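Protein chains in written order, with our numbering: chain A, 112 to 275; chain B, 600 to 682.
Among these hints, one or two may not hold up.
What the hints assert, rightly or not - Computed list of chain A residues with no C-beta within reach of chain B, every gap over 12 angstroms:
no. : residue
1   : TRP116
2   : PHE120
3   : ARG132
4   : ALA136
5   : ALA148
6   : LEU158
7   : ASP209
8   : SER216
9   : GLY252
What the hints assert, rightly or not - DEER-style ranges, computed between Cβ atoms:
no. : chain 1 : residue 1 : chain 2 : residue 2 : range
10  : B       : ALA661    : A       : LEU158    : 16 to 24 angstroms
11  : B       : THR647    : A       : ALA148    : 44 to 52 angstroms
12  : A       : VAL180    : B       : ASP637    : 46 to 54 angstroms
13  : A       : LYS204    : B       : GLY627    : 27 to 35 angstroms
14  : B       : ARG672    : A       : CYS232    : 48 to 56 angstroms
15  : A       : TYR220    : B       : ASP637    : 21 to 29 angstroms
16  : A       : VAL180    : B       : VAL648    : 21 to 29 angstroms
17  : A       : PRO194    : B       : SER645    : 36 to 44 angstroms
By construction, these hints were calculated from the structure, which means they are not laboratory data. Being a predicted model, the structure only gives us computed values, none of them experimental. Note that CB positions come from ideal geometry on N, CA and C, so glycine has one too.
Chain by chain, the residues:
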Amino acid sequence: MSSSWRQDFPVPSSEDSYVTRREFAKFMGLTSLAFFAGTFASAMRKLVLRFMGSPSSSVAVAGIEEIPVGGYKLFRYPSENDPCILLRLAEEKFVAFDQRCTHLSCPVYFNAAKSELVCPCHEGFFSAADGRPVAGPPKRGLPQLTVTTNKAQVWVRRSTEENA
Amino acid sequence: MSPKVPIRNRLNVVLQMVTVLITAILLGQLWLFTITLDAMENTAVSITVALAATTCSMVACAAVWMLIRFFLRTERSEAGEHA
Numbered sequence: 112m113s114s115s116w117r118q119d120f121p122v123p124s125s126e127d128s129y130v131t132r133r134e135f136a137k138f139m140g141l142t143s144l145a146f147f148a149g150t151f152a153s154a155m156r157k158l159v160l161r162f163m164g165s166p167s168s169s170v171a172v173a174g175i176e177e178i179p180v181g182g183y184k185l186f187r188y189p190s191e192n193d194p195c196i197l198l199r200l201a202e203e204k205f206v207a208f209d210q211r212c213t214h215l216s217c218p219v220y221f222n223a224a225k226s227e228l229v230c231p232c233h234e235g236f237f238s239a240a241d242g243r244p245v246a247g248p249p250k251r252g253l254p255q256l257t258v259t260t261n262k263a264q265v266w267v268r269r270s271t272e273e274n275a
Numbered sequence: 600m601s602p603k604v605p606i607r608n609r610l611n612v613v614l615q616m617v618t619v620l621i622t623a624i625l626l627g628q629l630w631l632f633t634i635t636l637d638a639m640e641n642t643a644v645s646i647t648v649a650l651a652a653t654t655c656s657m658v659a660c661a662a663v664w665m666l667i668r669f670f671l672r673t674e675r676s677e678a679g680e681h682a
């Protein structure tokens with residue numbers, strides 16, 4: 112009885128998870144291929160975003176009198192999925208940034224008293240003047256939009272740097 | 600190498616050397632992947648960086664497969680000698 116059972120199942124249970132050299136080499140090769148595929152896909156996505164992205168046309172997002180000095184307005188640009196924040200730092204000075212924190216994409220809010228943008232999720236702080244990170248986990252500055260004022264309105268468009 | 604050394608051990612040495620090389624290359628590829636991901640998310644990073652990283656990753660991938668091919672060829676020739 113015992114010997115017939117061994118004939119039917121000749122592989123010992125200890126060798127059931129045995130990996131051959133060829134299988135191991137194949138696994139490493141496929142891992143390398145996966146890394147290349149991921150790198151290629153990321154690069155292609157950047158390429159597509161660069162060439163197929165919406166043109167940097169200016170959009171009016173607020174009236175000049177609508178925002179007091181030290182105030183802000185939230186808007187979405189260039190699509191509904193891109194939250195942005197427009198700040199009025201001085202009588203003639205408007206700045207606009209992507210509202211998503213560069214750490215983990217939490218929306219930042221404006222602290223007018225300290226003139227900084229704050230990410231409440233992980234205590235990230237950005238300069239309200241230029242969007243550079245000043246404290247906390249974020250390492251990159253907030254993407255800035257180009258702001259112009261014309262005909263009593265504030266217009267924004269993608270900055271030249273962002274389009275490059 | 601001494602013919603007294605069993606073929607299995609000799610191939611294991613070759614495999615270990617190949618494995619170390621491939622592991623180093625894979626780590627490099629992982630680094631390149633993170634660079635490209637960063638370039639994808641960070642609009643300030645030039646597209647050239649992403650393309651250069653992709654090219655390097657492709658070269659690394661080719662190197663890995665060449666090393667594997669070298670190992671399999673060695674394995675086959677060793678087995679042929681001792682057949």
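Status of each hint after checking the structure:
1. TRP116: holds (30 angstroms)
2. PHE120: Nearest chain B Cβ is 25 angstroms from A:PHE120, so the label holds.
3. ARG132: Violated: least Cβ distance 6 angstroms, not greater than 12 angstroms.
4. ALA136: Incorrect as stated: the minimum Cβ-Cβ distance to chain B is 5 angstroms, not above 12 angstroms.
5. ALA148: Violated, since 9 angstroms does not exceed 12 angstroms.
6. LEU158: violated (6 angstroms)
7. ASP209: Check fails; 9 angstroms does not lie beyond 12 angstroms.
8. SER216: violated (10 angstroms)
9. GLY252: Violated, because the least Cβ-Cβ distance between A:GLY252 and chain B comes to about 8 angstroms, which does not exceed 12 angstroms.
10. B:ALA661 - A:LEU158: 16 to 24 angstroms: holds (22 angstroms)
11. B:THR647 - A:ALA148: 44 to 52 angstroms: Violated, at about 21 angstroms.
12. A:VAL180 - B:ASP637: 46 to 54 angstroms: violated (36 angstroms)
13. A:LYS204 - B:GLY627: 27 to 35 angstroms: violated (46 angstroms)
14. B:ARG672 - A:CYS232: 48 to 56 angstroms: holds (54 angstroms)
15. A:TYR220 - B:ASP637: 21 to 29 angstroms: Given range 21 to 29 angstroms: holds, Cβ gap about 26 angstroms.
16. A:VAL180 - B:VAL648: 21 to 29 angstroms: With a Cβ separation near 40 angstroms, A:VAL180 and B:VAL648 fall outside 21 to 29 angstroms, so the hint is violated.
17. A:PRO194 - B:SER645: 36 to 44 angstroms: Because 26 angstroms falls outside the window, the suggested range is violated.
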